[in-house]
Amino acid sequence: MSETGVISQEYYSTAELFQTINQSIIILKKKHFNLAGAASLTSEQLREAGDLLTQLLAQLIDALHSQPSHTPIDDDRLQVPPFFIKRLQERHGNEMNWYVDDLRELLVAIRDAKPLNEDLIAHLDELCGQLDAETSAIHRRLWRG
Amino acid sequence: MPSRFFSGQVHLLLKRCLTLIERLNSLQDLPTELAPHVSELNNTLNRIRLAIENLLNDPDFASPSLLVNQFDFYKRLAELLNTFEWHPLGLLDHYNDRDLYFYRFSKLFCEQIQYPYPPPLLSAHSNEYFSSVPPTNLISVPLGEDTNLLALPDFVHELGHLIYHHVWKKLVAQFMPHLQKHINDQKLSTASQAAKAYEDKLQLLEQSWSQRYAIEFFCDVFASYAVGAAYGWSHLRLVLATQTDLYNPSFGDTATHPADEARMRIILLTLKRMGYDGAAVALKGRWDALTSILVAKPDGEYHFCYPDALLEKFSELVTKLCRELDLIPFFDQPTADNNLPNLMQQAWDRFHSDPVAYAQWETGKIASLKSLLATP
Chain B
6 MSETGVISQE YYSTAELFQT INQSIIILKK KHFNLAGAAS LTSEQLREAG
56 DLLTQLLAQL IDALHSQPSH TPIDDDRLQV PPFFIKRLQE RHGNEMNWYV
106 DDLRELLVAI RDAKPLNEDL IAHLDELCGQ LDAETSAIHR RLWRG
Chain Z
74 MPSRFFSGQV HLLLKRCLTL IERLNSLQDL PTELAPHVSE LNNTLNRIRL
124 AIENLLNDPD FASPSLLVNQ FDFYKRLAEL LNTFEWHPLG LLDHYNDRDL
174 YFYRFSKLFC EQIQYPYPPP LLSAHSNEYF SSVPPTNLIS VPLGEDTNLL
224 ALPDFVHELG HLIYHHVWKK LVAQFMPHLQ KHINDQKLST ASQAAKAYED
274 KLQLLEQSWS QRYAIEFFCD VFASYAVGAA YGWSHLRLVL ATQTDLYNPS
324 FGDTATHPAD EARMRIILLT LKRMGYDGAA VALKGRWDAL TSILVAKPDG
374 EYHFCYPDAL LEKFSELVTK LCRELDLIPF FDQPTADNNL PNLMQQAWDR
424 FHSDPVAYAQ WETGKIASLK SLLATP
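Each protein sequence line maps, in turn, to chains B and Z.
Just so we're aligned, residue 6 is where the first sequence starts under the working numbering, counting upward by one.
Just so we're aligned, residue 74 is where the second sequence starts under the working numbering, counting upward by one.
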């Protein structure tokens, strides 16, 4: 009846998506920057992180395309919420075609396990940043009324 | 320098987590029947502790190239800890007899409907009507509700929030194609109108439905499934006490809850779906009569938001899910005195048949209920 039930559920699902994406990006960045922790990453961890991010990118590209396909989604798959699409549209509305091309390049690089460049890493960080901003905003609504 | 500040903050978060674990484990006077909840909370806090320790022990902790990702991860851990500190841990720290009464009430209700998850903790001193925090498995009810019966279906609505927390991915995956079809149909039909403005509003509608309205409609359908028309009457009572615009939010508006008119409509559709047309007709008659005195009317774009077809599909998916979970519908509950779904229906029937004598009848029923719940 109160707003808490809705907002805390909204927070939970957004935070869960953020954690999944952020963790995968940390794994790819450890490898890209050849950090100390890269040595202990397993091929399974790298493959799972890559699969998850390609799944995310494929859904984003489809949704940001002018004619989205609205392919039915399986409940076990990553579900990209509409707010995420809206945030990206607001940030890249004036250059959407270029932005979608960049996301395609990023998807191919991750899918084919090619080295990532700084621009592609910046795109990954931006995706994570947008999810973090939404998650933090929802949490603030929970405790500031 | 940012990394030193960050490192200090993560250490402080660990200290806070350890303090909360210690306090939880020092609570000596809690009823023994809460032991599973204390154990679960202890496990959750220890999972948070472990995640903080893993962050601190990461060989790349506070590395400049990962700082933003690690800082955001730290924020999530801090938010999670806050949520548990403010809600279940705060409750257990000053737990009283009324909390225990509602815990037993809730546990019995869960058993009687075959609720398939661990029953929630109950706080009996809500500061925002009936509410819930699904990630912490907690429901709050107002201070005086241990002396009333007619608002208790709103507790059932809150229990719906906890079920939604377990099933939301499956439900959203099933519902999204229907929602997207509705949005696309509207896009086509409004193509010649002020296209851009409509597109933005349709996008907002899709977002509101999938992230918020679906949650509330789920709880409304579930509560109608579990306690029947009693939930509809309780909703009518609440609307008359609190709401003046039944058609808000409309097209282009932002809100956590869908419009009360649409919520009543999905309750009625659910009762009809379950074969209780008579109950739906009685409820709708009273709703129409009482809401006709309110001045608000739907605006010209309201019909975009909650069409019958979409509400019917949603009600169908939720009732199907309830059956798959083996939840017992209201009409299959025994009529025994200690059956809580039946008691909620009986209370509303009694109120309708004799409103003046109802209060006295309710007082007697509450006394019996308290006697029933006096022991675990």
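Keep in mind that the hints were calculated from the coordinates and are not lab data.
These numbers come from a predicted model, not from an experiment.
In this text, a Cβ means the ideal position worked out from N, Cα and C, and glycines have one as well.
Watch out, some of these pointers could steer you wrong.
[Unchecked claim] Ranges of calculated distance between the beta carbons of each label pair, as one might list FRET restraints:
#  : chain 1 : residue 1 : chain 2 : residue 2 : range
1  : Z       : H251      : B       : G134      : 53 to 59 Å
2  : Z       : T220      : B       : T25       : 41 to 47 Å
3  : B       : A43       : Z       : G325      : 46 to 52 Å
4  : Z       : K443      : B       : G42       : 25 to 31 Å
5  : B       : D124      : Z       : A382      : 41 to 47 Å
6  : B       : D124      : Z       : S99       : 49 to 55 Å
7  : B       : A43       : Z       : G163      : 40 to 46 Å
8  : Z       : H425      : B       : T25       : 49 to 55 Å
9  : B       : T25       : Z       : L398      : 22 to 28 Å
10 : Z       : T105      : B       : D124      : 40 to 46 Å
11 : Z       : E374      : B       : G134      : 32 to 38 Å
12 : B       : R146      : Z       : A270      : 23 to 29 Å
13 : B       : A43       : Z       : A246      : 23 to 29 Å
[Stated by the list, open to error] With a cut-off of at most 25 Å between alpha-carbon atoms, the simulated SDA-like pairs for lysine to any residue come out as follows:
#  : chain 1 : residue 1 : chain 2 : residue 2
14 : Z       : K242      : B       : G98
15 : Z       : K243      : B       : G55
16 : B       : K91       : Z       : Q406
17 : Z       : K148      : B       : G98
18 : Z       : K254      : B       : G55
19 : Z       : K260      : B       : R92
20 : Z       : K242      : B       : R92
21 : Z       : K243      : B       : G98
22 : Z       : K254      : B       : A114
Next on the checklist: Tell me if the beta carbons of B/A43 and Z/A246 are separated by a distance inside 23 to 29 Å.
Outcome noted: Given a distance of about 35 Å, which is not inside 23 to 29 Å, the answer is violated.
Checklist entry - Does Z/K254 pair with B/G55 here, judged by a C-alpha cut-off of 25 Å? => result Roughly 31 Å between the alpha carbons, so the hint for Z/K254 and B/G55 is violated.
Checklist entry - How does the Cβ-Cβ distance of B/T25 and Z/L398 compare with 22 to 28 Å: does it lie in that range? => result With a Cβ separation near 26 Å, B/T25 and Z/L398 satisfy 22 to 28 Å, so the hint holds.
Checklist entry - Is the gap between the beta carbons of B/A43 and Z/G163 within 40 to 46 Å? => result 42 Å, holds
Checklist entry - Is the hinted range of 32 to 38 Å satisfied by the C-beta distance from Z/E374 to B/G134? => result 34 Å, holds
Checklist entry - Are Z/K260 and B/R92 close enough, with their CA atoms no more than 25 Å apart? => result Roughly 20 Å between the alpha carbons, so the hint for Z/K260 and B/R92 holds.
Checklist entry - At the C-beta level, are Z/H251 and B/G134 separated by a distance inside 53 to 59 Å? => result 32 Å, violated
Item to check | Range hint 46 to 52 Å (beta carbons of B/A43 and Z/G325) holds or violated | outcome: At roughly 49 Å between Cβ atoms, Z/G325 and B/A43 fall inside 46 to 52 Å, so the hint holds.
Checklist entry - Straight-line Cα separation of Z/K242 and B/G98 no greater than 25 Å? => result With Cα atoms ~29 Å apart, Z/K242 and B/G98 exceed 25 Å; violated.
Checklist entry - Is it true that Z/T105 and B/D124 lie within 40 to 46 Å of each other by Cβ? => result Once the Cβ atoms are compared, 60 Å apart, the range 40 to 46 Å for B/D124 and Z/T105 is violated.
Next on the checklist: Verify the CB-CB distance for B/D124 and Z/A382 against the hinted window 41 to 47 Å.
Outcome noted: 46 Å Cβ-Cβ, so the 41 to 47 Å window holds.
Checklist entry - Are the Cα positions of Z/K243 and B/G55 separated by 25 Å at most? => result Holds - the C-alpha atoms of B/G55 and Z/K243 are around 24 Å apart, at most 25 Å.
Figure legend: structure checked against the earlier numbered hints; hints not met, in rising order: 1, 4, 10, 13, 14, 16, 17, 18, 21 and 22.
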